[in-house]
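Novice: In case you want the letters, here they are:
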Amino acid sequence: MAMRIVSRMAEVLDACELMDITQAHIDGCGLLSETGLEFAETLAAKGGKVCVPTTLNMGPLDLQNWKEFGIDEDFAGKAIRQAKAYTDMGCIPTWTCAPYQSYLTPRFGQQIAWGESNAICYANSVLGARTNRYADYMDICAAITGRVPKCGLHLRENRKGQVLLRLVDIPPALMQTNEFYVVLGHLLGTLAADRIAVIEGLAPDPSSDQLKAFCAAAASSGAVAIFHAIGVTPEASTFEQAFDGGEPEQVVEIGPAQLRKAHSELSTAAEGAKLDLVVLGCPHFSFDEFRELAHLIRAETQKGSAIDRRVRFVVISCQTSYALLQRGGFLDVLTGFGVEITLDTCVFHTPMVSQDTKVVMTNSGKCSYYAPGELGVEVAFGSMAQCVESAVKGKICREETIWKEL
Amino acid sequence: MERTLIGRAIVAGSAEGTALVSKEPLSFWGGVCPRTGEIIDRRHELSGASVTGKVFVLPTGRGSSTSSATLMQSIKAGVAPAAIINLSVDPILALGSIVSDELYHQTVPIVILGQEDFSSIKQDDYLVVKPDGKVLVNAKRGK
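From first to last, the protein sequence lines are chains U and C. Each residue of the first sequence is one higher than the last, beginning at 0 in numbering that gives the first Met the number 0. Each residue of the second sequence is one higher than the last, beginning at 0 in numbering that gives the first Met the number 0.
No lab work stands behind these hints: they were computed from the structure. Please note that the accuracy of each hint is not assured.
[Claimed, not checked] Straight-line distance between alpha carbons at most 25 Å, and here's what the computed DSS-like set of lysine-lysine pairs gives:
id	chain 1	residue 1	chain 2	residue 2
1	U	K260	U	K394
2	C	K121	C	K139
3	U	K77	C	K75
4	C	K139	U	K83
5	U	K403	U	K273
6	C	K139	U	K45
7	U	K45	U	K77
8	U	K273	U	K77
9	C	K121	C	K133
Work the whole structure out from these sequences, hints included.
Specialist: Dropping the structure here:
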């Protein structure tokens with residue numbers, strides 16, 4: 000069945016032949032639906048086994064702690080069955096949407112079949128591995144057969160830049176902040192849609208977490224599967240390499256005004272609005288991000304401040320980062336403040352956000368983009384420090400902001 | 000007047016129904032309710048309309064790679080469009096229909112038309128989709 004689906008998709012895509020892939024990442028395990036469960040159980044019952052190392056995206060359930068989050072038993076039962084079907088097929092139970100920070104990071108030029116929009120963007124752009132945007136259910140078929148249609152971003156000639164985004168007059172201090180990467184990613188997705196954008200003028204040393212945040216934002220506001228940043232990403236050490244010797248079909252200048260506008264687009268909630276929920280970890284929190292959060296919380300508690308009791312503070316992460324966190328010596332700083340840590344899943348796929356939640360604050364571009372539609376809430380985008388400060392005050396506070404001075 | 004358009008069947012099948020024409024693309028995930036067939040993207044021109052039983056004419060899908068799952072859910076629930084006509088191939092919708100065929104032997108036929116033929120279809124035209132990719136416009140019903 001998996002092979003039939005892969006070859007039928009090759010016909011759809013007009014690909015003359017199939018090619019090998021050597022790694023896969025499954026997104027189809029994330030959403031719980033009757034059909035998705037039946038598909039996974041059918042493949043598993045037929046004896047389907049993955050033939051390449053295959054990691055799993057976050058699933059619909061925190062497999063260890065779901066009871067603490069008040070998840071319905073019927074939902075949990077089905078989610079556990081779906082998880083078992085995928086692990087029975089030989090998938091590695093990573094359960095994370097940041098697989099590139101977790102386990103089996105693909106290498107440059109490696110042909111892979113990945114699902115999950117932010118991970119696809121990171122793998123192609125930051126790592127230089129090669130994957131198309133694989134839809135839910137195509138990903139597991141590729142993992143079982145080890146084959147994909149030979150087309151699109153698997154081929155070098157389809158990876159060159161098309162649009163140049165030139166950064167102009169951006170204050171260096173702003174470029175150091177994490178929010179800059181989210182806002183620029185959001186703007187790139189809006190401008191590029193499904194064309195390949197090349198950024199000129201980015202600082203040469205962004206962190207993995209900054210690039211993660213960038214990819215997640217870009218792949219939410221646009222169908223971005225790849226971008227290049229001159230002097231930063233591996234297929235763009237020079238302008239010539241980024242455009243493969245050609246010229247951009249369009250040049251767009253990005254200055255402070257465009258960034259300020261993109262920054263404001265990420266929020267729908269008003270300044271000072273009563274805050275119900277803080278969500279961090281979209282994509283999944285890394286150890287470094289936990290450490291940064293602990294540092295910010297310690298600064299508040301040393302002042303004698305505590306979280307407003309009406310605010311819920313959720314951090315989403317994966318077992319790999321959590322294992323490091325347990326050995327990092329500051330887990331109690333987080334839990335003492337009232338931080339709830341949920342693993343393996345995501346606020347969009349597990350029913351943990353209560354109906355009376357009205358205003359959400361996050362440092363994630365992806366969460367900002369999807370929360371109003373998917374969770375029916377107002378959303379405020381801010382830095383991690385502003386999220387902590389707002390949780391203490393019980394309302395959206397973003398006063399001391401570099402964005403206002405732009 | 001009856002006309003025949005020649006398209007490319009990317010998921011082959013027979014179907015007929017009235018045309019629901021959208022000028023904009025639509026993401027099925029977050030855009031179509033898989034239980035009722037209603038278009039729930041509130042920013043979309045067809046928000047509130049039902050895709051059920053219609054020949055859904057839209058340029059292409061958009062966005063989420065979970066749209067394949069949504070199309071499949073709607074097929075299982077019996078609220079899917081009768082067929083889909085696109086201007087450019089959307090691999091995500093095609094996959095949803097193909098997986099549904101493999102799992103339930105139920106598909107939504109998908110046909111790609113050229114720009115001129117695509118634009119010639121009007122809201123509420125009666126369309127008959129043939130397995131070879133031909134689309135009969137305003138043919139007699141049941142033909």
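Novice: Take the hints in turn and mark each one as holding or not.
Specialist: These are the hints, each one checked on the structure:
no., hint, result
1, K260/U x K394/U, "holds, 23 Å"
2, K121/C x K139/C, "holds, 17 Å"
3, K77/U x K75/C, "holds, 18 Å"
4, K139/C x K83/U, "violated, 51 Å"
5, K403/U x K273/U, "holds, 21 Å"
6, K139/C x K45/U, "violated, 44 Å"
7, K45/U x K77/U, "holds, 19 Å"
8, K273/U x K77/U, "violated, 35 Å"
9, K121/C x K133/C, "holds, 17 Å"
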